[in-house]
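In terms of our numbering, the sequence shown opens at residue 1100 and continues consecutively.
Errors might be hidden in some of the hints.
Unchecked claim - In silico lysine-lysine, DSS-like type, Cα no more than 27 Å apart, as pairs: (1) K1283 / K1298; (2) K1288 / K1254; (3) K1178 / K1129.
Please keep in mind that the hints were generated in silico from the structure rather than gathered at the bench.
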Amino acid sequence: MILMYHNIAENAGFNTVSYAEFQQQMEYIKNSNKYQILSLDDYVNNIIAPKYSNPLCISFDDAYISFTKFVLPLIKSLKLPVSLFIPTAFAGKSNIWDTVNGYPEIKILDWKEIKELCAETLVEIGSHGVNHNSHARLNKEQDFEEISNSKKIIKEQIGVEIKFYSFPFGQEKDINKYSVENLKKCGYKAALTTSWARKNSPKDIFCLKRIEVSPKDDLHSFIVKTESALDTKYYKQKLKNILYKTNILK
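Take the sequences, apply the hints, and build the full model.
Pasting the structure below:
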């Protein structure tokens, strides 16, 4: 299972889990003894060659500045590995893809701050594209450039060769038919989506599914969301994807 977060702050809000709830969630997965908490690299290796029965990893999209203030101290104290995905054109800026639609502005880490995170052994840096575009809007060449250039920019800025990509928006309708081919060409090891599921298999390596933790999740709903025997949201999303493919939903 891969947990997906965006922003952490004192109070819950748009795309933002409160620090108090986040702390309880992290302490629960650490202390429950139900999970083997892995880096994304180890998680992907475990899909290919299973070693752990209940692997879990933690991911953050958009690289908001709250990561260094709220997330980093907690994961270091609990010794939890996490992955952080950078929308490269917006380093040091903010979530323009949200603010244009009237949502609150959230600041993004700059390259100096991101480079400092490279010294943290528990933090793995990945790409969240260049322009935070839905790949469905891109032609084959644009899709390749988004995937390739983001990798190059991160290498130039922080000197790290990245392995992982997180699709902006990340639903099935946001992934181009050329994207997996282009990810492989560019040397990525795996890619993450926002599609909902607790488990991944070898066929999912370039479209790994995640469980989004929402601002409304308290510890009880977090446990239900991650452990319930009936994954109702998974089936709701499967239905929604069918409706998108048949153009009933736009």
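Here is what the structure says about each hint:
Pair hint K1283 plus K1298 holds up; C-alpha atoms about 22 Å apart against a cutoff of 27 Å. Proximity of K1288 to K1254 is assessed by CA-CA distance (about 16 Å); at most 27 Å being required, the pair is judged to hold. Our distance criterion of 27 Å between C-alpha atoms is met by K1178 and K1129, whose separation comes to about 9 Å.
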